Every structure is written in structure tokens, then in C-alpha cells.
Amino acid sequence: AQSVTQPDIHITVSEGASLELRCNYSYGATPYLFWYVQSPGQGLQLLLKYFSGDTLVQGIKGFEAEFKRSQSSFNLRKPSVHWSDAAEYFCAVGAIFGDQFYFGTGTSLTVIP
Amino acid sequence: EAGVAQSPRYKIIEKRQSVAFWCNPISGHATLYWYQQILGQGPKLLIQFQNNGVVDDSQLPKDRFSAERLKGVDSTLKIQPAKLEDSAVYLCASSLEGEQYFGPGTRLTVT
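Chains U and E supply the protein sequences, listed in that same order. Numbering of the first sequence is given in the numbering used here, commencing with residue 1 and proceeding in unit increments. Numbering of the second sequence is given in the numbering used here, commencing with residue 1 and proceeding in unit increments.
These aren't lab readings, by the way, just hints derived from the structure by calculation. Predicted model only: the values in this text are computed from it and were never measured. Glycine included, each C-beta is placed from N, C-alpha and C at the ideal position. Any given hint might turn out to be false.
To be verified - Below, in silico cross-link-like pairs of lysine-lysine (DSBU-like), each with a Cα-Cα straight-line distance of 30 angstroms or less:
1) E:K62 with U:K68
2) U:K49 with E:K44
3) E:K62 with E:K78
4) E:K78 with E:K15
5) E:K83 with E:K15
6) U:K61 with E:K62
7) E:K11 with E:K62
8) E:K83 with E:K62
Claimed, not checked - Just some of the chain U residues that point at chain E, by a computed CB distance under 7 angstroms:
9) G43
10) L44
11) Y50
12) G59
13) F63
14) G106
15) T110
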């Protein structure tokens, strides 16, 4: 069955500290992986995506993610968190041509000064 | 490039009433999705259209929810009659070659 697991419901980090959000997936075909960010009252904004090639992908706002097939993981990282990064983060898996997306339950990030 | 448009942004109704949401996808995007996002959860797909045909509606509660996409562009999602548990944000997305673009959502409160 297709599914996405985000083990951390809520994470708190200090501004300037590094961040890693975990994502594990189960998908029957070649996975296409995505990270979205959702600020309060806003829609989902794509941070980055992995389709193929280099397993370390760079996204917007200084985020990066690494695809590890052997671990079925696609963890999101940022070396130095800014207060504006406080939001809900969703990992998703799907296929490139019109297949359904499966979202994780999200990780809520709080950034303290 | 204009993004995905949705209206209304907020709606409050009483249970057993009906409600409709509208979505205008990005021009040229053939695939359109409606998601339901309950507070504290990730988005759950309700229905997926490819042009004006339904690709997947397996998770759409068809006894009360309906959706259409006339002429393969705009789409409407309707709930009739609404239940308390339908309180959620309803997100519309459109896609081109796998990347989904989301609208701002409609926050529905059923009292």
C-alpha cells in the first residue's frame, strides 16, 4: 500500500540552528517525492521535488532533501533556520503523470528566537 | 503565470445545508485535484480529473459529495447535505507533468 510517514508531529528549533525533518514512504512503483510547506491560512507551496538523478536535491528558501532508496526516506534539511520558516511541512509521494499523491500527516515547525 | 484560484476562501454553514466551492486551475493544466484537509492532518484526495473526465474518485463520499469539471477547465465541488465532520480546508490543485500547484483553499466550518 502507498503511504507516507512523518514520524515527528512537532519540532522546535532555535533560530540559526540546523533542521532535519524525517519522511519515510511506501510506494509500489518508482517514487516521485515532494516536500511542501504550508503557512497558516495558506495553500501548499512546493519546496523541492525528486524525480530522478542526483539524490541530493536543492529547493527554495535554502532547503535540501536527500533521497535514500535503501531506507525509503526523503528527509528535508536546512543548515540554518530562520524565524520565517515556522510552518507545517508535508512530504508527499506520487508518480509523474497524473497519479495520485499521498501526503504524510505533516510536521509542525516552531522556531524560537 | 496566475496560480490556482479558489472561492470562497471561508464558508460557515449549518449541518444539513449545502455548499459549493469553485476552482480555476492554471491555464493549460489538464489534471485537477480536490483534496480535503482536516485540521492536524495531511491533505486527502477526494477526486482527480483529467481534462473533464474523472480519473479517481474512490475516496469521495458520493452520498453527499459531488464534483464536476465542465469543459475541462473550472471545477466545482458540492456538499449536500453537510455534516459536522465535513469541517475542513478544501484544497484544489492542478498539475502538469507531475508537479502539483495548490490554491489557497476554502476553509469550511459546519456548525
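Hint numbers not upheld by this structure, sorted from lowest to highest: 1, 6, 11, 12, 13, 15
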